[in-house]
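Novice: Start counting the sequence shown at 1; every next residue gets the next number (this note's numbering).
It is possible that some hints are incorrect.
Distance windows between CB atoms, simulated [stated by the list, open to error]:
1. D175 - Q203: 37 to 45 Å
2. E54 - L119: 24 to 32 Å
3. R92 - E151: 20 to 28 Å
4. E132 - E54: 30 to 38 Å
5. D55 - A273: 16 to 24 Å
6. L239 - F174: 35 to 43 Å
These are calculated hints, taken from the structure and not from any lab test. In this text, all values refer to a predicted model and were calculated from it rather than measured experimentally. Backbone N, C-alpha and C fix where the C-beta goes; we use that ideal spot for every residue, glycine too.
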Amino acid sequence: MTDAGVPPAGELEAVPEEDAAEIVEELADETERHPRRTSRLLIALDIDGTVLLEDETLSPGVVEAVEHARRAGHEVMLATGRSWSSTRGVVRVLEIEPDYVVCSNGTVILKKVEGDEVLYEQVHTETFDATEVVTLLREHLPDAKYMVELEDGSRLYTEELDDWNLLGARRVAFDELTREPVCRVVVVSPDHAEGDFVDLVAQVGLNEVSYAIGWTAWLDIAPPGIDKSTALEMVRGWLGFDPHEVLVIGDGRNDLGMFAWALEHGGRAIAMAQGPQEVLDAAGEITASVHEGGVAAILRAL
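I would like the entire structure built from these sequences, with the hints used as guidance.
Specialist: Right under this line is the structure:
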């Protein structure tokens, strides 16, 4: 403001009551002409290790904090390595109805369909021929258990694993896994630790695919160049957010891509405190662990 009756910023000046009322009126007019807006954000949350603990219970305060962010006008969505069949329940528990959900580490995007009830349909899917990479991995991990997700969302697996939600999935022989293009491959070898997977990736050189080593030490493989960030960039454009109006929170190596994407364009990338060191190093900020309600702390501060 340039009105001579208003003291410069940072200074105090005593004025008569009638002059003070006039100044307040001028400030109100100025605010109405040039309102200060809080930027609306596209907030993408990982699930496992971010909003859910290992036992599938919710991180403290996360439901209330998500509602707080939504009331403030922000778009809160999920970007997860889970398939949609394992994600829909988390959407319900968080009590959100986002316009889009990113699943399977960015290979699947679902859009909300308006109707008598809220439903989601696939609007974008990435696939690849996984025959070569699966054959290569089996040579090094002969006792591993494999699961693939197909373009229509159905899943095939070789052996059961307690941690997998296999509702609607079909058990097949190994040779049947890759008879048609897949969205992703999940490999679990119970006798190997996380460090073993890191060494294996370096040994076999998975250059023709995107991969992430999950928080429970499994290998998640996607088509070349595809990760959560590629899907989120599409969603950002569809929803009309500016590139810097994004905030992403995660804890695993499959979140590295979306961290880099957010930071590159001036957004915020926040890691959960319990994540591996390379994830913490890649983030722009670190919040409390999933057990301590790290997501709730970030969302309530918006």
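Novice: Checking against the hints above, which ones are violated?
Specialist: Failing hint: just 1.
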